[in-house]
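Visitor: Got chain A sorted already, so can you dock chain B onto it with the hints?
For the record, the sequence lines run as chains A and B.
Sequential numbering of the first sequence, starting at 60, is according to the working numbering.
Sequential numbering of the second sequence, starting at 60, is according to the working numbering.
If you are wondering where the hints come from, they were derived from the structure by calculation, not from laboratory data.
Given the structure is predicted, the values throughout are model-derived calculations rather than measurements.
From the three backbone atoms N, C-alpha and C, an ideal C-beta is built for every residue, glycine too.
Just to be clear, a hint being listed does not mean it is correct.
What the simulated footprint calls covered on chain B by chain A, stretch by stretch (three residues with Cβ under 8 Å from a Cβ of chain A suffice, anywhere in the stretch; the number is not a length) [what the hints assert, rightly or not]:
no.: 1; segment: 152-164
no.: 2; segment: 289-298
no.: 3; segment: 385-398
Here are the chains, one letter per residue:
Protein chains: 2
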Amino acid sequence: MYYCRLYEILLFFFSLVLMMTNINSTTLSVENQSSSIHLRAPSFSGIYHTNLLSHSPSQILNKNENEMKLISKQNQLNPCNNGSYIKTNGTTCGLKEIMIGRCNEYQYIKRGLYLSNTTEIKNCTKLYELFESAARYKSYCNTNMSTYESYFQYALDGVHVINRALFWSGTYGLAHAYSNRGINYITLEDTLAAAMADGLLWCGKENDTEGFDYVSCPRNCKDNIWADDAFWGLASRTYAQKVAGEIYLVLNGSRTDGHPSFRNGSYFTTYELPNLQKTGQYRVTKMIVLLMHAPDQKVIEKCGEKSLRSLETIIRGYNIDYACKDDPEELILIMCSDQWEARECQIARKVLRQQWNIKVYGKSNTIYHSISFLFLFSIIINYFL
Amino acid sequence: MYYCRLYEILLFFFSLVLMMTNINSTTLSVENQSSSIHLRAPSFSGIYHTNLLSHSPSQILNKNENEMKLISKQNQLNPCNNGSYIKTNGTTCGLKEIMIGRCNEYQYIKRGLYLSNTTEIKNCTKLYELFESAARYKSYCNTNMSTYESYFQYALDGVHVINRALFWSGTYGLAHAYSNRGINYITLEDTLAAAMADGLLWCGKENDTEGFDYVSCPRNCKDNIWADDAFWGLASRTYAQKVAGEIYLVLNGSRTDGHPSFRNGSYFTTYELPNLQKTGQYRVTKMIVLLMHAPDQKVIEKCGEKSLRSLETIIRGYNIDYACKDDPEELILIMCSDQWEARECQIARKVLRQQWNIKVYGKSNTIYHSISFLFLFSIIINYFL
Numbered sequence: 060m061y062y063c064r065l066y067e068i069l070l071f072f073f074s075l076v077l078m079m080t081n082i083n084s085t086t087l088s089v090e091n092q093s094s095s096i097h098l099r100a101p102s103f104s105g106i107y108h109t110n111l112l113s114h115s116p117s118q119i120l121n122k123n124e125n126e127m128k129l130i131s132k133q134n135q136l137n138p139c140n141n142g143s144y145i146k147t148n149g150t151t152c153g154l155k156e157i158m159i160g161r162c163n164e165y166q167y168i169k170r171g172l173y174l175s176n177t178t179e180i181k182n183c184t185k186l187y188e189l190f191e192s193a194a195r196y197k198s199y200c201n202t203n204m205s206t207y208e209s210y211f212q213y214a215l216d217g218v219h220v221i222n223r224a225l226f227w228s229g230t231y232g233l234a235h236a237y238s239n240r241g242i243n244y245i246t247l248e249d250t251l252a253a254a255m256a257d258g259l260l261w262c263g264k265e266n267d268t269e270g271f272d273y274v275s276c277p278r279n280c281k282d283n284i285w286a287d288d289a290f291w292g293l294a295s296r297t298y299a300q301k302v303a304g305e306i307y308l309v310l311n312g313s314r315t316d317g318h319p320s321f322r323n324g325s326y327f328t329t330y331e332l333p334n335l336q337k338t339g340q341y342r343v344t345k346m347i348v349l350l351m352h353a354p355d356q357k358v359i360e361k362c363g364e365k366s367l368r369s370l371e372t373i374i375r376g377y378n379i380d381y382a383c384k385d386d387p388e389e390l391i392l393i394m395c396s397d398q399w400e401a402r403e404c405q406i407a408r409k410v411l412r413q414q415w416n417i418k419v420y421g422k423s424n425t426i427y428h429s430i431s432f433l434f435l436f437s438i439i440i441n442y443f444l
Numbered sequence: 060m061y062y063c064r065l066y067e068i069l070l071f072f073f074s075l076v077l078m079m080t081n082i083n084s085t086t087l088s089v090e091n092q093s094s095s096i097h098l099r100a101p102s103f104s105g106i107y108h109t110n111l112l113s114h115s116p117s118q119i120l121n122k123n124e125n126e127m128k129l130i131s132k133q134n135q136l137n138p139c140n141n142g143s144y145i146k147t148n149g150t151t152c153g154l155k156e157i158m159i160g161r162c163n164e165y166q167y168i169k170r171g172l173y174l175s176n177t178t179e180i181k182n183c184t185k186l187y188e189l190f191e192s193a194a195r196y197k198s199y200c201n202t203n204m205s206t207y208e209s210y211f212q213y214a215l216d217g218v219h220v221i222n223r224a225l226f227w228s229g230t231y232g233l234a235h236a237y238s239n240r241g242i243n244y245i246t247l248e249d250t251l252a253a254a255m256a257d258g259l260l261w262c263g264k265e266n267d268t269e270g271f272d273y274v275s276c277p278r279n280c281k282d283n284i285w286a287d288d289a290f291w292g293l294a295s296r297t298y299a300q301k302v303a304g305e306i307y308l309v310l311n312g313s314r315t316d317g318h319p320s321f322r323n324g325s326y327f328t329t330y331e332l333p334n335l336q337k338t339g340q341y342r343v344t345k346m347i348v349l350l351m352h353a354p355d356q357k358v359i360e361k362c363g364e365k366s367l368r369s370l371e372t373i374i375r376g377y378n379i380d381y382a383c384k385d386d387p388e389e390l391i392l393i394m395c396s397d398q399w400e401a402r403e404c405q406i407a408r409k410v411l412r413q414q415w416n417i418k419v420y421g422k423s424n425t426i427y428h429s430i431s432f433l434f435l436f437s438i439i440i441n442y443f444l
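Next comes chain A alone, as it looks inside the complex:
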């Protein structure tokens, strides 16, 4: 064990030395490259929000903070009927147009991705009306887990997600980068009803001509703790009831907020886990946990440890098979794409640079030659010993 740690420390130290010396020599050896080019790192921050615990609309919207001034509660004019943008904590401007547009796009443009096996088209106007009749002119704090029932019923009618469902908890950005908008896997947010509302904020308003409050939505409702979960709680529950076969769950094994990877109170634990189908034709047969450890972060839990053991017990109690995998490569790559400066990602990045230098210029720098030689040498030794 100490033996390995020593390597790790030495590797880190030398990768630093390497960065300071070797990278320069690589760049200088390439004649055609302008040394004055500074590219932006390929940030995936727009789709990679680690530790975004829930997908409640307010939290997603809060990621979009910018310099726009907040409208005061006193200004009761509709900030959407205005030629200029005013940031509010109220209902998203263009809510109706955005939802209807997304519904059409989902069914007519993206359909090759999710819907190739079905030809049924849901009526987007009807779907929006089911949503609107649940929310508009109604006080936000009076909504509950049954408010949006007919909306989800209609949207998810006939849908079964078999062997492709991906759940997430504490890994919003990573899980969505991996699901790739339904191409690889299907998250809740890749289904019609949820996609229509993802990232939007709304709250109804009684006795109001608009029926929605565009100025300010309540942060929480004292007398009704369910109001905040009325939409996304039901969305999660309904989705969990529609998944079948092998399902995937992406968890965060290096949480820095003190929470365990599998925690009480998450959307997954509260609304999804208890609602998986345990029997019947469309039952869940296996849960595969993908436990990720972020670059430059400590490993807090591994497969088979602590909260993962609790999760396994629950799943096996449901008579569902269970497997857990620490850091599948496919997900490491996505994490490193977002954080190539991280310690664990740097050597791989250098290796790629060297590979392309050989590919394009048929040469590399001296250090690489020695590395590759010793690399080969070590393999030969190990192979025959």
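Guide: Same frame as chain A, now just chain B:
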């Protein structure tokens, strides 16, 4: 030179040996991993269409081929007013709703990404009406480069893309993965007017109640070669007029179709290059070419060679600075994310796996120990010699 080739061949050979021996031992050393887990490769195919030469809507749509039956020309019913999906070669169903929805989403939701410096909101209904009045009830083959002028005028009024514009030719998917929907760079398709229409197909129809042909759009118009470029040609030209400062161009240095990286007849060469601003406050000061060589593909052209030299001459003739960079790392990573099985990507992938094994289990297999030891050793030798 021969010395390097020898390394390359040996490296390839031994990386194969390594794959067959070493990967197994890595997996077996990890107790908690279920060996029966087969994950999908993280395909970025939805956003990575190499060799998708132009962004004309028909070509993008053709990527979405699926099993749906094609409606026959004889069936003149509107296939959109139907409860089931019928694939056609005509106008996209929900065209109006999708465009208006995207316009609202662009301005109210995504605004933090592109629009944080402006508060002006364009009227989405007006914008769609400008579009519709140009296309609806008009014969597709009568459109030309002035048809959509007022649409683009209104949408791009007041817009200047400074130091962030990214052009592409033969690299649609890669360039868009890199621009990351306007977060890193801004492509034409990340601007309002183009985003509203990206991936959609439409053609007007005279003497028709709908005014659009939802059944079939003409493939080409004999008497009017400009009809196909009426929208995207003008979009490209208008965008090129709006970019300033340092601009980027992603080209494909390993085209397999026989075309040079910088070719006559592309949208870039025809509509963008000649319309860059060469003088004034918003002039282009520098063009930075990013020349990519795809994994597992031959290198056909490098910076400073063949068609790249022609491009440099044109650019310098405009009194614009020029730089060219072969394979920036940021873009190599995106290419490898899509093709980790490619020869040039495999070693880096293995390195990442090893790094995470050390991180999570504090150990790795014997081969890795020797590699890291020899790696260090080689660096020390090179550092002091």
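Visitor: How does the coverage statement for the segment 385-398 of chain B fare against chain A, requiring three or more residues with Cβ below 8 Å from a Cβ of that chain?
Guide: holds (count 11)
Visitor: Report holds or violated for chain A covering the segment 289-298 of chain B, Cβ cut-off 8 Å, minimum 3 residues.
Guide: violated (count 0)
Visitor: Are there three or more residues in the segment 152-164 of chain B whose C-beta lies closer than 8 Å to some C-beta of chain A?
Guide: holds (count 11)
In this structure, only the earlier hint numbered 2 is contradicted, and the remaining ones agree with it.
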